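Protein chains in written order, with this note's numbering: chain A, 1 to 307; chain P, 1 to 307.
Just so you know, these hints were derived from the structure itself, not from any lab.
There could be a bad hint or two in this list.
[What the hints assert, rightly or not] Here are the simulated lysine to any residue pairs, SDA-like style, with alpha carbons at most 25 angstroms apart:
hint: 1; chain 1: P; residue 1: K134; chain 2: P; residue 2: D209
hint: 2; chain 1: A; residue 1: K123; chain 2: P; residue 2: N128
hint: 3; chain 1: P; residue 1: K294; chain 2: A; residue 2: N100
hint: 4; chain 1: P; residue 1: K88; chain 2: A; residue 2: Y125
hint: 5; chain 1: P; residue 1: K307; chain 2: A; residue 2: I84
hint: 6; chain 1: P; residue 1: K104; chain 2: A; residue 2: G208
hint: 7; chain 1: A; residue 1: K123; chain 2: P; residue 2: N129
hint: 8; chain 1: P; residue 1: K126; chain 2: A; residue 2: N128
hint: 9; chain 1: P; residue 1: K123; chain 2: A; residue 2: K294
hint: 10; chain 1: P; residue 1: K104; chain 2: A; residue 2: P106
hint: 11; chain 1: P; residue 1: K28; chain 2: A; residue 2: T157
hint: 12; chain 1: P; residue 1: K88; chain 2: A; residue 2: A99
hint: 13; chain 1: A; residue 1: K104; chain 2: P; residue 2: D209
hint: 14; chain 1: A; residue 1: K104; chain 2: P; residue 2: K28
hint: 15; chain 1: P; residue 1: K104; chain 2: A; residue 2: L149
hint: 16; chain 1: P; residue 1: K3; chain 2: A; residue 2: D303
hint: 17; chain 1: A; residue 1: K295; chain 2: P; residue 2: A87
hint: 18; chain 1: P; residue 1: K126; chain 2: A; residue 2: L150
hint: 19; chain 1: A; residue 1: K294; chain 2: A; residue 2: V130
hint: 20; chain 1: A; residue 1: K104; chain 2: P; residue 2: P113
hint: 21; chain 1: P; residue 1: K3; chain 2: A; residue 2: E112
[As the list claims (entries may be wrong)] Residues from chain P that face chain A, not an exhaustive set, calculated with beta carbons under 10 angstroms:
hint: 22; residue: A87
hint: 23; residue: V90
hint: 24; residue: D94
hint: 25; residue: H96
hint: 26; residue: F101
hint: 27; residue: K104
hint: 28; residue: L107
hint: 29; residue: F109
hint: 30; residue: E112
hint: 31; residue: V220
hint: 32; residue: D221
hint: 33; residue: L265
Since the model is a prediction, treat every value here as computed from it, not as a measurement.
In this text, a Cβ means the ideal position worked out from N, Cα and C, and glycines have one as well.
Number of protein chains: 2
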Amino acid sequence: MAKLVFGHKNPDTDTICSALVYADLKGKLGENVEARRLGEVSKETEYALEFFKVDAPALLERLEDGAEVVLVDHNEFQQSADNIEHAKIVEVVDHHRVANFETKEPLYFRAEPVGCTATILNKMYKENNVELSKEMAGLLLSAIISDSLLLKSPTCTEEDVAAARELAEIAEVNLETYGLNMLKAGADLSDKSIVDLLTMDAKEFTMGDSKVEIAQINTVDLNAIYEKQGEIEAEINNIIEEKNLDLFLFVVTDILNNDSEVLALGNGQANVATGFNVNLENNRALLRGVVSRKKQIVTTLTDEYTK
Amino acid sequence: MAKLVFGHKNPDTDTICSALVYADLKGKLGENVEARRLGEVSKETEYALEFFKVDAPALLERLEDGAEVVLVDHNEFQQSADNIEHAKIVEVVDHHRVANFETKEPLYFRAEPVGCTATILNKMYKENNVELSKEMAGLLLSAIISDSLLLKSPTCTEEDVAAARELAEIAEVNLETYGLNMLKAGADLSDKSIVDLLTMDAKEFTMGDSKVEIAQINTVDLNAIYEKQGEIEAEINNIIEEKNLDLFLFVVTDILNNDSEVLALGNGQANVATGFNVNLENNRALLRGVVSRKKQIVTTLTDEYTK
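Using the sequences provided together with the hints, build the complete structure.
Rendered as structure tokens:
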């Protein structure tokens, strides 16, 4: 039986591309590994896959007991496949914090504090002396552009920048042009429902004893999103009740100006105000220079919830 | 402020040596890192340190809030320094399962399913093109010999064996001779009380709904230990009552023959007999070829308790 490699639920470009590329590397090293996805592919990811003519991985509904799996771009069980608790996790390659993760036996676990899983995979090709194809380089490049908002996010390290420049050459694209086109394709929200906006890139976190969900979308037009604030709030309140959340934070990131306008609902609203030192007006606040959920939002809120 | 690097509580040779050696590597890479220990150094470790003329690390009583730390040879918080929950863990190098571990931020986390942390550190010198000194090679070698009972434990992988042979050359020692001398130094129990023998390397496990404690010691003379069987049983019965255990298994491992003579007390005695397919005579049984608590004893008993 093939091992399955997959990233997190609500897959983003790094998660999809890293699963595909790591399956490619493992295959070239003689292992029987297949990539999977845990949800729908975004328009941004679709743009990258079409550009480099690679098929999306098959959808994984639920893991069998005892299935051998490789996790990329995540480790927290609540972000992983259903029934992950009863799988055999043989390896993890990730660039996030470690939490809510547990195995019965020793495993390969490689996490590095870089901006993107793809940057680690780029190194792993070199370490194993395996050459990257144009297509696989293109997918890794797309992942870095996505996670770093074209190298502008504070999560972006020098290693990510160097990898991106190197990969753009192998992929035979202009980094800036290709990158902006890909991000714009992802920021096209015209066909999304309110529920789509709130779930397409949502992650749940345990902070102290509280459950916090943070959904993020990228846009080139903040106002167009908040025209529907009333409907958005009604839907968020449904989600809070259904999942018994302490806080739902909706983060709308302006990819042209690199700011985020957030909408916060739930008992934990005050933690947003104190954590970011802002006043919420009409449940909203502009967070200047904030674009990274991981490095700027999760850390700040975790501090508030655990202090 | 220097970062602190340390292994687990009840330090063994891998934990002490890996902390010292990783501090050496980091120092050579220009980082300010100091090794610490979380408890008394064993006689086995003392032998290795004296042989290679390296000082033991200083004792760490409790971490300051926010201290930057590097964990080696463990990750589970209950095995780590007091106040680890409020430290900033920047890196982990380990060969155990991952459990009860959590960070707020991304970090370097490197775990591999090999027999010893030292085997991973040996690779890291090469990856960073740093030469190992005779002394540091000697410490890494000692750690591998300790964790693998001179390459005979079922936890020992081909990578550990290759590393040990390579390190013995750099350390300028004969692997077998040095290894047996070091293990014998650790098996000198002449100054230990009965309570010491039962607690110096004891771990408690939950199996099904039962509490099982397994204490292990190494010796070159099984009979010398069991001369005091009466006193040992009296003390074990105290521990069983105090902790409300279903089973206490005292494992005396003969490092010359690679067998273990076990003493089992408690209601769960029968699980030892059926699990290992032996008759307990006078509460004792010889388990041929059994030396690894993790890989041979815990697994067998867990199966008995959960079938």
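Quiz item: Which earlier hints can't be squared with this structure?
Solution: 1, 4, 9, 14, 18, 19, 22, 31, 32 and 33
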